[in-house]
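Novice: If you read the sequence shown in the working numbering, its first letter stands for residue 1, the second for the next number, and so on.
Just so you know, these hints were derived from the structure itself, not from any lab.
Beta-carbon label-pair distances, calculated as ranges:
id, residue 1, residue 2, range
1, Pro92, Glu174, 27 to 33 Å
2, Pro101, Asn158, 34 to 40 Å
3, Gln67, Pro175, 36 to 42 Å
4, Gly134, Leu176, 17 to 23 Å
5, His75, Pro124, 20 to 26 Å
Don't be surprised by glycine CBs; every beta carbon is placed ideally from N, CA and C.
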Amino acid sequence: VSAGISCMSTCYRFNGMLRIFMLCTAVVTVGGCASQTSTRVLSWNVLVGFTTQQQEGDPWPEGARRQERAFEFLHEVQPDIIGWQELNGWTPGRLGASTAPLGLPYGVLLKERSYDLGLSSKWPIEVVERHLQGMHHGLLHGRTNGIDVFVVHFSPGNHAHRLREIEQVMVRVEPLLAAKRPVLVMG
1 VSAGISCMST CYRFNGMLRI FMLCTAVVTV GGCASQTSTR VLSWNVLVGF TTQQQEGDPW
61 PEGARRQERA FEFLHEVQPD IIGWQELNGW TPGRLGASTA PLGLPYGVLL KERSYDLGLS
121 SKWPIEVVER HLQGMHHGLL HGRTNGIDVF VVHFSPGNHA HRLREIEQVM VRVEPLLAAK
181 RPVLVMG
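Assemble the whole structure, with the sequences as input and the hints as a guide.
Specialist: Structure representation (C-alpha cells):
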C-alpha cells in the first residue's frame, strides 16, 4: 500500500474577508496495482457547532448563516470524507441528515457533548476507537474505504499538552504505518 496527498487551495470571499481552504486528495495505491483511488478529504472546525451569535466586529456571520454558507461550499467541492471539529449540540441524526444530501450518508461522533469531533464519509465507517483520556477534546479513530482516519482537535492554549496529545496520536498511527496501511490525521 502506498499513499500520497496532494492539496489544492481554494480562495473565496466570505463576509468581505478572504478565506483559504485546503482541499486535499488522498491517492492510495493498493498492492502495487496500476489503478489508483482518489479520495477528496476535508477537515473543518465549524466554530462551536455553528451556534454563535454574531458580535459587533466579528468577521463571520452568525451560526445559522455560517452553516448555510458552509454547506453551499461543501456542495461545490464534493468531499468524500470530512473530519469535523467543534460539533457542539450535534447528534448522530443531525450529522447524518446534514451530510446525506452531500453524498456522505455515514457519520459518527466522538462523544455527543461540547466541542465534539465527527467523521462523515460516502463509505461505511468502522469506529476503531473513541479516546478522551489525556486529550483536550478527544480523538476519534475510524476506518472508511480502507483508510484509517484520525480526527483530533488539540488543546488550544497549552503547548506542552498539545505535544502529549500528538504523542497519543503517534502511538496509534505508527503501527498502522508500519503495516503499510493508509492513514489520515485530520484536525
